[in-house]
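> Read off the chains here:
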Amino acid sequence: MPLIESTGKPFQRSEEAELIDLLKKGDDGAFKRIVESKKDLVYNTALGLLQNVEDAEDIAQEVFIKVYESIHQFKGESAFSTWLYRIAVTRSLELIRSRKRKKRFAFITSLLGENNELRHDPPEFIHPGVQLDNKERSVILFKSITKLPENQRIAFTLHKVEGIPYQEIAEIMSLSVSAIESLIHRAKANLRKDLENYYKKNK
Amino acid sequence: MEQQPTTQNQVELTLSSLDEVSRAEASPFFYTRLMAKMESSPVSIWTKAISFLAQPAVSLSLLFFFLLLNGYLVFSSLEENEDLGSTQDYVAQQISYFDNLNP
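Listed in order, the protein sequences are those of chains A and P.
Start counting the first sequence at 1; every next residue gets the next number (my numbering).
Start counting the second sequence at 204; every next residue gets the next number (my numbering).
Keep in mind that the hints are not guaranteed to be accurate.
What the hints assert, rightly or not - Straight line, CA to CA, 30 Å or less: simulated DSBU-like cross-link-like pairs of lysine-lysine: (1) P/Lys251 to A/Lys102; (2) A/Lys135 to A/Lys201; (3) P/Lys251 to A/Lys75; (4) P/Lys240 to A/Lys135; (5) P/Lys251 to A/Lys147; (6) A/Lys143 to P/Lys251; (7) A/Lys193 to P/Lys240.
Unchecked claim - Label-pair ranges, simulated between beta-carbon atoms: (8) A/Lys24 to P/Ser254: 17 to 23 Å; (9) A/Ser70 to P/Ser230: 22 to 28 Å; (10) A/Lys75 to P/Ser225: 28 to 34 Å; (11) A/Lys75 to P/Thr250: 22 to 28 Å; (12) P/Met238 to A/Lys147: 20 to 26 Å; (13) P/Asp222 to A/Lys102: 32 to 38 Å; (14) A/Ser174 to P/Lys240: 40 to 46 Å.
Stated by the list, open to error - From the structure, some residues in chain P lie toward chain A, with a derived Cβ separation under 7 Å: (15) Thr217; (16) Ser220; (17) Lys240; (18) Phe278; (19) Leu281.
Since the hints were derived computationally from the structure, they do not count as laboratory data.
All values derive from a computational prediction rather than experimental measurement.
All residues carry an ideal CB built from backbone N, CA and C; glycine is no exception.
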């Protein structure tokens, strides 16, 4: 995937390394250029996992705050984009887990008769990048993706929504390429099963 | 007459509905909002300290250090008790000796 600046001008890897060095020295201009060139990558990753526009923007902002604070920890052992993906995935998962905990807690307290009302199921998510013909089907698919186990959900979403190759997903998730292949294979099998049930019920 | 797609076809079509998805774009005001967020919540020294201590290497080293310190304190207090015990024995022996001398 090409590295594109917000102006549309290609963003070379050597230039990226230079910007990272400048950011390590505290150059705010370098930070702005990094944000402008990588914001879509981070936002789209968070959006794919969280399936909510506001949450995705919040998480994308947190990712760049983390980058600003921890750029000294980036040693260049992996690609900068891999590092960004890793932070985006971690932050998104933290939010998903905290939401699940709150939902469970609200369920328990609602059973005990307190005033915590159960949150309704999130509204249908339509990814802005999906083609018009596929919009309806993608809503069903995204809903089904939320039922996958965590690792399958991450691997499948990164591959399908962000178009990341298996090799890079393996680096992001600190797993082997064969493990990623297996995760995506199992994710597809689980999705097939869930979608079959859905279409049988809604015939 | 158009044939209704089978369940299997529906599943495959749905699975491939994300095949040509394009990347979602962040708001054009993303950087401005990010700056506003960063200015409104400056990182305190406590946040930095907590995030430093929360690193596994740091927290494990600290745990190991405190375990060692704890072990050292326990053993040194045991040795002190043994010394105290021998002093008490000596005093008791002396008293009984003088008691025997003066019937």
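> Work down the list of hints and note, for each, if the structure agrees.
Evaluated hints:
no.	hint	result
1	P/Lys251 to A/Lys102	holds, 27 Å
2	A/Lys135 to A/Lys201	holds, 20 Å
3	P/Lys251 to A/Lys75	holds, 20 Å
4	P/Lys240 to A/Lys135	violated, 33 Å
5	P/Lys251 to A/Lys147	violated, 36 Å
6	A/Lys143 to P/Lys251	violated, 38 Å
7	A/Lys193 to P/Lys240	violated, 43 Å
8	A/Lys24 to P/Ser254: 17 to 23 Å	holds, 18 Å
9	A/Ser70 to P/Ser230: 22 to 28 Å	holds, 24 Å
10	A/Lys75 to P/Ser225: 28 to 34 Å	holds, 33 Å
11	A/Lys75 to P/Thr250: 22 to 28 Å	holds, 23 Å
12	P/Met238 to A/Lys147: 20 to 26 Å	violated, 38 Å
13	P/Asp222 to A/Lys102: 32 to 38 Å	holds, 34 Å
14	A/Ser174 to P/Lys240: 40 to 46 Å	violated, 29 Å
15	Thr217	holds, 4 Å
16	Ser220	holds, 4 Å
17	Lys240	holds, 5 Å
18	Phe278	violated, 39 Å
19	Leu281	violated, 44 Å
Hints 4, 5, 6, 7, 12, 14, 18, 19 from the list above are not met by this structure, while the remaining hints are.
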